[in-house]
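Below are the chains, spelled out letter by letter.
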Amino acid sequence: MTAALGPVGVGFRSRRRIPATIVACLVVLAVALLAVLLGPLLFPDATKQDILSSLMPAGSPGHPLGTDELGRDILALTVAGAASALVGPVCVAVGSMLLGILLGTLAGYERGPLDFAISRWTDLLLALPVLLAAIVVSGVFGGGYWTTVALLILLFSPSDIRIVRAGVLEQAARPYIEAAQMLSLSRWRVMFRHILPNVSSLVITNAMLNVAFALVAFSSLSFLGVGVPPGTADWGRQLTDNRAIMFDNPAAVIVPAVLIIAVACCVNLVGDWLGQRLTRSGGVA
Amino acid sequence: MLAVRVLGTAAILFVLSIIVFSMLHLAPGDLVKTLLGTRPASPEAVAAIREQYHLDDPLPVQYLRWLGGVLSGDFGESIRLQTSVSDAIAARLGLTLALCGLAFAIALAVGIPLGVQSAVRAGGVLDRAGTTLGVIGLSAPTFAVGLLLLYVFAYYLPIFPVYGGGRGPLDTLYHLVLPAVTLAAGLGAIVLKLTRTAMLRELDADYVTSARARGIPESRTRRLALRNAAIPIVTGASLLLTFLVGGTVLAETTYALPGLGTLLQDSVLFKDLAVVQALTLLVALVIAMIALLADLAYLMLDPRVRDQGGAA
Amino acid sequence: MELENAGLIEIDALTRVLDVHSLRILVAIDRTGSISAAARSLGFSQPTITQHVQRLESRLGTPLVARTARSASLTAIGQLLAAHAPRIDASLTAAATELARALGHRVGTVRIAAPAGAVVGTIAPALARIAADIPGIEVRFVEAETDEALELVRSGRVDVAVTTGAAGAPGERGQRLRREGLRSTFLYGEELIAVLPFDEMPEPGVRVEASALAHLPWIFGDGTRSAVVAGAVGRTSGPADLAVSRPDAALALVAGGVGVAFLPESAFATAPPAGVRVLGLSPALSLRTVAVTLAEASEIPAVAASLRMLAARRPSGYEVEALADARRRSNGHRARFARPIALATLPQLQEEDPLMSATSRSRVARASAAAAGVLLLAACTSGTPQSGAGTDTGEEIEHISVALPGSLSNLYVGQESGILNYYIASIAQEGLVSVDAQGRVQPGLAESWEQTDDVTFVYELRDDAEFQDGTPVTADDVVFSLEQARDETASPGLAYYLAGVDTIEKTDENEVTITLTAPDAAFAANMSSGGAAFITSRAFWEEHGGKVGTADSMLLGTGPYQVTEFVPDSHVQFERVDTWWGELPKVKSITVEFIPDESTRLLAAQSGDVDVAFNVPLAQSTQWEQLQTMRVEYVNDLSYVGLYFNTSLAPFNDPKVREAFAHAVDRDAVVEKLLRGHGEAATAIMTPESLGKAYDADEARDVLAGIPQYDFDLNAAKEALAASAHADGFEAELLTPSTGPQLGTAAQSLAENLSSIGITLNVREVPIEEWLASLDASSSYGVGMMWYFSTLGDPAEVPSYLLGAGNPSAYSNPEIDELLAQAGTESDPAARVELLVQAETLQAEDVVNVPLWWGQSATAFGNDLGFDDYSSFAFISSWPTQIYRTAP
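Residue numbers (the working numbering), protein chains in the order written: chain A, 25 to 309; chain B, 19 to 330; chain C, 599 to 1486.
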């Protein structure tokens, strides 16, 4: 926290203690992380079909959560599916955040034609029909997992860019920046060493939001041929695939849905708390 | 300033139209096959249809034909619906606008006050409850929320209709409640979060502390803080609106509403160029206008930005 | 005293005005609720009835019928009169039968007049049949040529006149007949045959041009039909022409080399004498034989029964070569009657309850006809119509709500031809013919039709058909509608069905003739609303500049319901009209709601908002079955799902690779587990129902099982792969449409099996438009899923698409092409199936298509609704007419 110029918040309460809910969330996330790392090792055959055991309900012998239409065990699929479900969205959120930081800061600080260009670029991206982009990507590039990640980064970036830009706009008017400019600090230093930490809470909040959105986006694009193919171990995919058998084995739909919501919740709560801490401990946003 | 903005918007629309045209051309799917269905197509039939829709002309010519039409006010005809594009859009515009408007209104009406209260009593019961609900609201897939609402409010407690857009303005509003709430769930959560974050920041600022120290009543202080928090809220809100425009599809599908979302989706899949172009440009125009309004709002709300030379 | 007299005089006058006929009319109007329906049930035309009622009303000086725009009901006076009708009717019948017995007559006499030439072929067999099957009828016969016979009918001295005329003339004659109060019923048509000495034309061939024979002497006279031919080609009498009055005389003369004669088919009871050549004419000329009766007389059961027997004549004796291999008479030749009376019992005499009202009598007739019908239909069990639960209460149904599992953007099938579009369009529009529950062709807008040669179809339109806006249906409208249907730019979705059509012409006031460029055995059914015929009015089409089926223009058809509102992607609204020629349906209005999301649809059903739900997703079938207020019915829906390979792309150009795939499919598991048993493992491309014209359900399955099969055997698959040029395995991609999730799961199952032998199959789910675009020989996908919905169930439809020219597999097998071409012209159903089975056997040996399953559809009906004849063909003709309210 060196040389972060700016007024220190007077209402500064240094609460080292982490609230219980946040601890709970962190635990959940840790478990999720474990699943991401170990899932494929624990259940390498999760996608193996066994059509004779099709649609067994939860609580059946050997299948605590039941099976889906093709006889795949729900528990195995879910644990193994953590990786696919979480890695992509996190990458999307991080990628979008980076893009947002880069372009948003430039736009908000430099103003002028650069700002104009970047702002119009975000307008363009926002107006582009997501569906169209998705099927073109699917048709031209084949629609694999990482192609989808790239596509979503591009499509999510406008929100980050705009948010960062607004934050930077607001900060750039403040006295401490004037002071920095008068000190002839290089613009890059001003932008990324001084302004950025102060907009960080906004950025992080949004990034957390994006994880949740990306989680859902992945699965909603699946019927277009983008994202993961049917039958993959992936929470979002399972959610879409198993809607049809919702009444035969509700666990097949409820478990991935609950997990998606739970992880997204935890990510958001932790993100909020982090954001708060960043705000409070010195950085004025 | 405004003139530059307008020119810029026009430039975007132009570039956008070219991009959409190219993308539609690149997209998999074949208009002719879609029209003919799973029947064998004689070369003559295919040729006749291609001729009818000028599909064999070089791409620039096809584009210019469309552009020429637009510049003279004719947005062309929907191949799928066999009506003019303007009719097709006009027939659905009302419903989608009503849905978006209702959802947005609900989101703001619920999200902002709750956000402010959560910030003011940070860590309190309301804060916790609000945040949790909000998080669930925005991480739950739309169709899940929709289905849940349907089960509870249309089936177990038959208050609202299960599907459809209704006939007549009041009936339509009645039909739109559940879909609007479905959409507002996620939106409201975002609004709540943004408001809360922004308010928290402001409430921590010097001027609030000094105002409090000087004995200015809390409500006035809060209002001051809210004004300052407005910028990020406005940014967020404007973003929400733009997401809303693209996000109505899911609600429309679940509730069987004939809105612009489904029109766009079906037209993209069908490769119905005129409709896709018209809708995309409409959306772009709306977004550009919202961005403009947001920037104007900054000008109004933040004198410092005003001094700095105004919006780009 | 004077007053009394005046009163008596008045009553006397009134009794003179009231007659049984008028009373019967009033009863019919009361029962059916509209004048046109009453007219139909009595066997008259609507104007006749209207005139009669008006006359009666003016004579009586009081209104009897209250007419509204859509219906008619009796006024209080009318009801008063109608109440007396049954007893009066019964009294008269009793008097008549007693009289008949007293006079020693047998009950039911029919007097027939026919030309001498018709006796051998037509009259004698018909009389024999009548004597055998309907012993209660006594038939009198008198020989008379056409004009005389008609005069006898007019004067009431005979009941039926059998007349023959050239095919060109009957339309006009028909008009004239109608004006005179006569009714003509088409019996059969026959071609004219040229008989010539062998030496005149020794070269081979089956047909000859009449004009080419003009230079030879012709034999005219009553024994021949040469006059007709001469008139057709414009040949005037020559000096050497002769005339004879008997056909055998003509034949003898020809055998002697004296000249040329033209005889009808029926003249060939036995083989012609030696030295004589019999050839068909080119262009073919035919004669139509009709039975003419007084309009009222056709109501008499005995007369109607006789007409039916006359129409059932089969060509007997010698089969002329020209015709034998090109034509077979199909069921369609038989004219359809207002009521299937022949199989209903003639009214009993003493046993009949004199108080039985007109309603119940017709019910009995219908019921017994239906019973007889069911017996006849016992043969076709797979297409067996199921009737809905419960008995028909006969109540009117105010409104039904139909849930559609998709969305329609346009109502005109030519513009959007998905299976759902067919279901909806058939409510308001119909074709020249219709398809019954067994898939057989029945009259539609055309009351009769004949196939005069292997490429010519002549349709005789009803003269009382109207569009829903009240304008009459003219032959012009029919021709126009069909011409639009075959224009690819106006009707891209229908043009294919009419690709083989050469000309469509109005050949008479109410007659349309269609010629094909090549024989096509499947064409007859194409003229229904399950194929390409959706008749609309030219004025309507032109008024909307060809943009029909949109929200503004909607549809104008001839069916029992009119489209009153259409909001694309939302709903369609239908209202019942009384302009339809059939019996007034019970449902008054229909709303079709588009609910694409399956969970929402189920919820709507659970909330009781839905009366009929189409295509219930098989995966949700258990939930729908558990609904208290609805029941689910399953039927084989003529759909086919299979794998197909693109034989021009490696590695699928290697037959061993294809064989490996064929052995890797576990059909039974897929049907049982993934389709929940609602489907059938397919042994061939053709579905068993499509063989319905030749075989019953079990036989059809036996026939199809005879085609080479590939069992699920992973070892065999492994061996096949090892024997191929790609023994190390490979990777491939398969597209499945997102609207067919069961195809996706089946593909995944296949992929799993293939992975165990070293092949990686990547299954990708894409929107249906993208999937459609990949169904092309030029696509880059070597293996694909085929999903085909057939509306008409013609056995050749799917094999032609998959194996014929332009098929998606880039497969070209000249033997198969030949077989398909032959099947196209072959009209005997069994022979046709045989040819197609051969074609399928060849393709099975080449493993170009791997059949997976024959599909089933599930339809959910409200428990208070019944549906007559629910079958595979139920929804492609005016199906709402089959709905009735059941007793709770």
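Simulated from the structure, these hints should not be mistaken for laboratory data. All figures in this text were calculated on a predicted structure; none of them were measured in a lab. Don't take each hint at face value.
Straight-line distance between alpha carbons at most 30 Å, and here's what the computed DSS-like set of lysine-lysine pairs gives [what the hints assert, rightly or not]:
1. K72(A) x K1254(C)
2. K1291(C) x K1316(C)
3. K1254(C) x K1291(C)
4. K72(A) x K1316(C)
5. K1254(C) x K1316(C)
Hint-by-hint comparison with the structure:
no., hint, result
1, K72(A) x K1254(C), "26 Å, holds"
2, K1291(C) x K1316(C), "41 Å, violated"
3, K1254(C) x K1291(C), "36 Å, violated"
4, K72(A) x K1316(C), "19 Å, holds"
5, K1254(C) x K1316(C), "10 Å, holds"
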